[in-house]
Amino acid sequence: MLPPNPDPVLNQPITPALVKKHGLLPDEYEKVREHLGREPTLTELGIFSVMWSEHCSYKNTRPLLRGFPTEKRGATANFGRVLVKAGEENAGIIDVGDGWAIAFKIESHNHPSAIEPFEGAATGVGGIIRDIFTMGARPVLLTNSLRFGELDSPVTKRLLRGVVAGIAHYGNCVGVPTVGGDVYFDRSYEGNPLVNALCLGTLRHDQIRRGKATGLGNPVYYVGAATGRDGLGGAAFASKELSAESASDRPAVQKGDPFMEKLLIEACLEMMAVPGLVVGIQDMGAAGLTCSTCETASRGGAGIEIELDRVPQRESGMNSYEVMLSESQERMLVIVQLGREREIESVFEKWDLHAANVGTVTDTGRMVVRQHGTVVADIPTSALTDGAPVYQREARRPAYLDETSIWTPEGAGLPDLDLAGAQAALRALLSHPTIASKRWIYRQYDHMVQHGTVVLPGSDAGVVRLRLGESEKFIAISNDCNGRYCYLNPHRGALIAMVECLRNLVCAGATPLAMTDNLNFGNPYKPENFYQLKECVRGLAEACQFFDVPVVGGNVSLYNESPDGAIDPTPTVSVVGFIEKEEHITRQFVRAPGARLVLLGGAPAELGGSQFLGIVHGKKTGDAPAVDLPAEKRLQDFLLAQIRAGLVGAAHDLSEGGLMVALSEMLFGPDRVGAAADLSGLAAPRLDALLFGESQGRVLVAVAADDEAAVLAAAKAAGVAADGIGSSTGDGKLSVRTALGELAWPVSELRHGWESSIETAMKRPGLS
Amino acid sequence: MNIAVLQFPGSNCDQDAYHLFATGLGVPTRYVWHKERSLGETDLVVIPGGFAYGDYLRCGAIARFSPIMGAVHEYAGKGGLVFGICNGFQILCEAGLLPGALIRNRSLEYRCLTCDLAVEDAGPVFNTAALGRRIRLPIGHGEGNYRIDAAGRASLETNRQVLLRYVENPNGSQGDIAGVRNEEGNVFGMMPHPDRAFERFHPSRDGLAVVRTILSARFPKMIRRSA
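Protein chains in written order, with our numbering: chain S, 1 to 768; chain Y, 1001 to 1227.
So that you can see chain S by itself, here it is in the shape it has in the complex (with noise of 0.2 Å):
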């Protein structure tokens, strides 16, 4: 036994009801005390209770991501390769050439979101940032995913109002440039919105920094802002369900400092940067201080042994308890060679933040934690990390899938458009949240600070310059899924998330490089939940595997659900490509009259899932569109080709709202273009799922006159389908002719529904 504890608090016994409200499982408890050989203290329970939630021990999906293809078969010597693979380390990190390299990895912060949004999505930026310099990067780029319930609702506004201020707040402030992102509204998202944040940063290979503890002796610093009792057991919080009680947990939210952490990330690489100082770092996240020390431990295969009393702390009387599941945000814990403790202090001390010796590095293999000269925890760190449970959860197909799955609108007796119509279709469709422009989202972001962002938010992906020494490189980024195909079919929902993010990349002129993604989904005990999970994480390994795309790290969020249900399945992927050259750059605007627009991948023929399905007619339901995973290659890779031949001037991928929404969308440049379409060629079953449908494998491009031709047999001996639709023009005007007549918007009033549909709903009156 340790020794009793004279706060009586601490000293109390461990009953079921504590450990129920720890989260344990009742089996999950002898498991602790198998580990133990005794019962533990409270302090210990605590520190069992957030390793072992789903948030740091991926208990219910570890089994399940082995499937992720972590390594890139196509990496040469000097590109490609996966330096830090994913689950290693707070984020992977792949070779991009030249002695460089970049990290990258997406979080969710979802639940501190959906309780108090300015704070939980600012802190979700904050956690991610530091989960990239610590491993010696500098954060030169982030994005977000976002997804709320529709605009209609008052809390839902709250929620985008609050979640974009506290994403600005926090990124603007730091200084790394918002420059991308994706944002949905649906009703399966009320009152349990997503806030899924990526940071990728660049290094050069020597600088790779590891969160390992080795070298006995070697001192363990704790760096960074001092420690409260905010965001106590906030990982144990994000790993049970949102419910009317939620808001008691506020303080399980943590209060970010935007202003500390630029200090921290500059006073850290900084010290990263003197040769042979830095043995090991990690961040305090998730679980804090009992994450960051036993985490080290465990990696590097030694023990660690740290006294409370010299943790720097900013509120009085705390109890070993708070201070080891505090997660009060921009602190960092370091392991430093011995012998060299000055040389970090002056870099602190530089920096005015706190390095305070904590502690050391042992060979026990344990963790031991002590506070007023007292041992308040003795645990075998492979118990936390290792040790975890690891469940094989049970997977139903759910119901409702009998009846979405085998819908078609002929079976369900839906009229087809009429041109009357599809004439308001395009305004309903341009208009909805989910479609529209999110000019009044990233005009809240800096995304333009470090001078690299060259396609502002807005196009297919974000494209920045990466500054690399004294060279330069190109790298574009994309966000993608659609939860409602993942609703209606998790494996092929998760299939085109993939190729979607792909198919934007390549538009952009990126060759995809390696993807992280964030498994957003509901209570994994529910095994219809578990089926979406599991489903959509077989999409994405095959999909990754057939574009071989590695993933190099992720998050998992389960226990997304609000008293109305489970959210969509949403698997959030984000892949970077790398771009060549420079003048491969391509943007999804038309620029002149007179380009002529190519159809590559056919007409459009599917209904289900479709933006259209939900807008126009209130449903959610039939298949999601077929994945064909060879012709998206073969599309992508001639897409890929022709823009490297310098013969596409525009390009820009078919995804909700099908045909007609890419061809506004492309027309809602700088240069004020109009187009003339003649669809009345394609084959197409339906007016509405021509124009309207979201057949996967489809882009939009624009070409020059002279070189259509040229583009047409290209696409023809690459057994790409390719149609010549029209033609941009100079008139102002969107013009269709369809089988059933003409069609005609002007483009400056879509262009308006399209542009001011969320800014109008976020209106304050009085302030503009």
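Source of the hints: derived by calculation from the structure; they are not laboratory data.
Computed from a predicted model, the values in this text were never measured in an experiment.
Be a bit skeptical, because a hint or two may be false.
What the hints assert, rightly or not - Sample of chain Y residues facing chain S (criterion: CB under 8 Å; computed from the structure):
(1) 1010
(2) 1012
(3) 1015
(4) 1056
(5) 1057
(6) 1106
(7) 1107
(8) 1112
(9) 1153
Each residue gets a CB set at the ideal place from its N, CA and C atoms; glycine is no exception.
Dock chain Y against the given chain S, drawing on the hints supplied.
Chain Y in isolation, oriented as in the chain S frame:
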């Protein structure tokens, strides 16, 4: 020529400003840490954008007490060239080196976008002859709403101290003012970012023309119309 770019805790456009001068103009440029008390030999002091001291209390309110600001006052007092961009402009206003103050945008939201700006005839170096009538520069700020009392405003206008005005006011600034100079004409400040308008892929390259114009107060050969 030697350009000094100040670094405060929380400066985050320091590298942008550095590259504007070092890469964009190709002139020798160096950083000066805020805890220094001397600027060293320099021809232009640049206070870059960012969130010095997190903009806590009020933007620029703490930074103006940094040790280096003593040297900046002395340098400006002797006629040395000082240029504040965005947060740098806010710091110069707080330090009393430029008139007026910057408060929260009227929208209460941060704004990042590219603005059309009308160039004012603001004296021998900063004028339409040097820059043309219109330039385009990005902005990125939450507190760029320029305020000044009536007497101050009148004297700004009379002395032709306004450098730039927004064509479409993004933040509620009085008189659409985007940038001003001091009466003597050696201290310049503006919310728009020339340091985001110099690379071939930037929304414009007017940032180069702006800094050439400012440098021409000391190096008359720098005057050149922007490309």
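Here is what the structure says about each hint:
1. 1010: This interface hint holds because 5 Å falls under the 8 Å limit.
2. 1012: With Cβ-Cβ at 3 Å, under 8 Å, it holds.
3. 1015: holds, 7 Å
4. 1056: For residue 1056 of chain Y, the interface hint holds, since the closest Cβ of chain S sits about 7 Å away, which is under 8 Å.
5. 1057: violated, 12 Å
6. 1106: holds, 6 Å
7. 1107: holds, 5 Å
8. 1112: holds, 5 Å
9. 1153: This interface hint is violated because 22 Å lies over the 8 Å limit.
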